[in-house]
Each structure stands twice: as structure tokens, then as C-alpha cells.
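**Student:** Sequence:
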Amino acid sequence: MAGVMDSVNQRTQLVGQNRLELLLFRLDGQQLYGINVFKVREVLQCPKLTLMPKSSPVVCGVANIRGATIPILDLAMATGSGRLLDQSNPFVIITEYNTKTQGFLVRSVERIVNMNWEEIHPPPKGTGRDHYLTAVTRVDNQLVEIIDVEKILAEVAPTPETISVGVIDAETQHKAVSLRVLTVDDSSVARKQVTRCLQTVGVEVIALNDGRQALDYLRNLVDEGKKPEEEFLMMISDIEMPEMDGYTLTSEIRSDPRMQKLHIILHTSLSGVFNQAMVKKVGADDFLAKFRPDDLASRVVERIKTAG
1 MAGVMDSVNQ RTQLVGQNRL ELLLFRLDGQ QLYGINVFKV REVLQCPKLT
51 LMPKSSPVVC GVANIRGATI PILDLAMATG SGRLLDQSNP FVIITEYNTK
101 TQGFLVRSVE RIVNMNWEEI HPPPKGTGRD HYLTAVTRVD NQLVEIIDVE
151 KILAEVAPTP ETISVGVIDA ETQHKAVSLR VLTVDDSSVA RKQVTRCLQT
201 VGVEVIALND GRQALDYLRN LVDEGKKPEE EFLMMISDIE MPEMDGYTLT
251 SEIRSDPRMQ KLHIILHTSL SGVFNQAMVK KVGADDFLAK FRPDDLASRV
301 VERIKTAG
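Counted from 1, the sequence shown has number 75 at position 75 by the UniProt record's numbering; the numbering is strictly sequential.
Heads up, a few of these hints could be off.
Unchecked claim - Here are the simulated distance ranges between beta carbons:
hint	residue 1	residue 2	range
1	222	98	29 to 37 angstroms
2	86	170	54 to 62 angstroms
3	180	141	19 to 27 angstroms
4	161	226	29 to 37 angstroms
5	196	307	28 to 36 angstroms
6	170	306	40 to 48 angstroms
7	162	302	13 to 21 angstroms
Honestly, the hints are just simulated from the structure, not real lab data. Just so it is clear, the structure is predicted and the values come from calculations on it, not from any experiment. Ideal Cβ placement from N, Cα and C applies to all residues, glycine included.
All chains, full assembly: derive it from the sequences and hints.
**Tutor:** So this is what it looks like as C-alpha cells:
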């Protein structure tokens, strides 16, 4: 399985081309699941686990991997399916989200597939509100479910959402009341986290689900004769989204003279130097690893003061 991940560091050329690579895996049963390769650090046979007293039932234990102690989560149990039944030679997918590293226990890992974000679609509307999917796609005529890992991590190890005292001053909050911010994220958990943070600052929030939806929304605005930079203090967009990723969304906005002045912050759980390079390449104004309430609030406060 080591060979599957050998060329991960060479895959950054896909970024900015509205493409991604999915690592396909299975839990119990034949259903295929996918995870963005850029979130994956390595894949390995499950090492010996040490049980952690008083930890979440979802946490199988911790493993010492390359000198680091990493929590291992049972992905089947985390998504409400019950504990992984087939644990004969299971695999662990080591991932990094929001600068935190964790492993996901899975039964088997299949392969990596190269896809276009346009082939990745939001979950069907009849899925309900309590599902753990952020998107779906098809590979070789098989349905692939892409799990909302941020929702799982928010339930197992919630991220503090409180903004520290002193980050927002009264004058800035007073100005914020008359301002709006556009946010774009396919994860319902991430949308809620960002929205609550921005509402604490004082701005009104318009939240959309993916890059295609955001671009259509902005194009409708300019068709009505409105200027996005006057309608919104800024746009805060996730990078990995179905239909259209954040890099492509930013490029489309920058290539349209009618909306190219909109202030854009790209907000992502992906890690790596390539993010910074791509931020400059597509013309975004800033980049922020999510979710850090003080950092996000500080960027908005700074923008309010600059724009005011």
C-alpha cells in the first residue's frame, strides 16, 4: 500500500485546475468511500493501538507513528454504522485537518482516482440533515460517498469557537453591523462555525454551499448592475468543494472585470506550502487555515478598519 501514496507530493499540479484525486476505501460491505488525497499523509496497516481511558467511543486508541502519538478513529462507528466488524488486517489512513493529525480505521484501501470537481456533486436532497456526506460521485459506475470529516472531528473533538477578549473592539463592532460577508463551504459544520464567528464580529453573513453556486450568485448580482465589492466586505471561500473548487472560483472572479475587486480569503483545512503559492497564482488576497476563530475574526476586523 505504500506505493499508493508514493507520488502524493507530485500531485500539486492538479490544484487550480478544478481537479482532485480521491483515495478510495471501504468500511464493512461493498460501499466505496473517498477522501481527498491532499488531506492524506500516509496509508499503512493498522499498528498496535494503546487504549485511552475516558476517550470518545469512536477513538479505538492511539498509535505511535514516526515518533508521534496519533489518535485512531473507527470511521464506521463515527458515521453511525456501528464499530467496524471486519478488523482482520485493517488499514489506517493518516490525515491532517486544520493542522491536527489523526488516523481513520478502515477495512481496505482500494486506489487513487483522478477526477474533475465538476464530477463531484452535493449529496442528494433526500439524504436528510444527519448524514455524514459532504459529496458524492461515481467511479466505474459505482457510487462513491465522500465523508464530511470535519463533521466527524467536530463531534469527537470539538474546536473552541469563542473569540478571545480584545480581538474585536466596540468601534469595529459598530461598523460591522452595516456590512455583509459572503462565505462559501460545502461542509455544513464549517459553514456554521464560520457563520457564528462572523456574527460575533457583527457582520451579516450570506452562506453558500459550493463554488458554482457562489459564482452564479455573484454573476446574478453584476447582471443586476450591482458591484460585489460594494455589496460585500469580503468573500471567504473553502478550497475543496463539489462542482467548482475555491481556486477556480477565485480565478473566475478575477477574470471578470465586473467583480474582480472583491476581497477574497481562501479558507481551508488542507495543509502545505502549495496553498500559499496557489493563493498568489489565482489572485486571492489572503489564505487562512481553518478553523481558528481568533485568526478569522482578526482578518475580518482588519478588513473592516482598512475598508472603512
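**Student:** Verify the CB-CB distance for residue 180 and residue 141 against the hinted window 19 to 27 angstroms.
**Tutor:** 43 angstroms Cβ-Cβ, so the 19 to 27 angstroms window is violated.
**Student:** Do the Cβ positions of residue 196 and residue 307 conform to the proposed distance bound of 28 to 36 angstroms?
**Tutor:** violated, 22 angstroms
**Student:** Holds or violated: 29 to 37 angstroms for the Cβ distance of residue 161 and residue 226?
**Tutor:** Roughly 32 angstroms apart at Cβ, these two residues keep to the hinted range, so it holds.
**Student:** Verify the CB-CB distance for residue 86 and residue 170 against the hinted window 54 to 62 angstroms.
**Tutor:** Check passed, 58 angstroms falls within 54 to 62 angstroms.
**Student:** Could one say that the CB atoms of residue 162 and residue 302 fall in the range 13 to 21 angstroms?
**Tutor:** Holds - the Cβ-Cβ distance for residue 162 and residue 302, about 19 angstroms, lies within 13 to 21 angstroms.
**Student:** With 29 to 37 angstroms as the target window, see if residue 222 and residue 98 comply at their CB atoms.
**Tutor:** holds, 33 angstroms
**Student:** Tell me if the beta carbons of residue 170 and residue 306 are separated by a distance inside 40 to 48 angstroms.
**Tutor:** violated, 18 angstroms
Hint check: violations occur at hints 3, 5, 6; the rest are consistent with the structure.
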